[in-house]
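Those protein sequence lines, which keep their order, are chains W and H.
Note that the numbering used here gives residue 89 to position 89 of the first sequence, counting from 1, and the numbers run on in steps of one.
Note that the numbering used here gives residue 45 to position 45 of the second sequence, counting from 1, and the numbers run on in steps of one.
These aren't lab readings, by the way, just hints derived from the structure by calculation.
Misleading hints may appear alongside valid ones.
[As the list claims (entries may be wrong)] Here are the simulated EDC-like cross-link-like pairs (lysine to aspartate or glutamate), alpha carbons at most 16 Å apart as the crow flies: (1) W:K42 / H:D39; (2) H:K45 / W:E108; (3) H:K99 / W:E103; (4) W:K42 / H:D77; (5) W:K42 / H:E5; (6) H:K99 / W:E59; (7) H:K45 / W:E103; (8) W:K41 / H:E56; (9) H:K42 / W:E108.
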Amino acid sequence: GAVVSQHPSRVICKSGTSVKIECRSLDFQATTMFWYRQFPKKSLMLMATSNEGSKATYEQGVEKDKFLINHASLTLSTLTVTSAHPEDSSFYICSASRRMGGELFFGEGSRLTVL
Amino acid sequence: RKEVEQDPGPFNVPEGATVAFNCTYSNSASQSFFWYRQDCRKEPKLLMSVYSSGNEDGRFTAQLNRASQYISLLIRDSKLSDSATYLCVVNIPDTGFQKLVFGTGTRLLVSP
Chain W
1 GAVVSQHPSR VICKSGTSVK IECRSLDFQA TTMFWYRQFP KKSLMLMATS
51 NEGSKATYEQ GVEKDKFLIN HASLTLSTLT VTSAHPEDSS FYICSASRRM
101 GGELFFGEGS RLTVL
Chain H
1 RKEVEQDPGP FNVPEGATVA FNCTYSNSAS QSFFWYRQDC RKEPKLLMSV
51 YSSGNEDGRF TAQLNRASQY ISLLIRDSKL SDSATYLCVV NIPDTGFQKL
101 VFGTGTRLLV SP
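Looking at chain W on its own, in the form it has when it is part of the complex:
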């Protein structure tokens, strides 16, 4: 089956630094990838939709200047948390599907802890 790989799986950083998370589709081309954030015991909240070759579409309330998304190729999307603060500590998960409205394949998730 399709595989989506996410890296790093865990990252701890100091407040004020920036962190980049990569999401790769390993065996299919993903023109669209999705980035979610999940707080403990909460559901996944869609942050933004990453479109290959164009700007990401952000959900209401998500700061685009803080969460920079780049989708440079059909198999790679990156999320950069800029000037991270402790409240940004969360589980960030990416996903991709082969077609619109189809099954979502998830990366393993990245657990960010900002000290």
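Starting from the known structure of chain W, arrange chain H on it as the hints suggest.
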């Protein structure tokens, strides 16, 4: 009204029990429905898609009721390994692409 609503639970059931979860959605134009399973601190994994005619996969049965805008998941003969959070996922038709929205999840605890 939330786009996708689920009872968060937890549902505590003994092994062998039958348990059912419901999920309601607000957008009548939604066309794709899924149940995902998420184990603690792991990524969600697709359990099954939900088809209009209803579908079954082993001990799991999914149903769709378009008139009332809800989907259900029935688990028969519960196993300890079924303990997880079950996420209802619905597509929300939007401009340019169809995004998938997750419910808050229903937690299931199966005990010996």
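Contradicted hints - numbers only:
Violated hints (numbers, rising): 4 and 8; every other hint is consistent with the structure.
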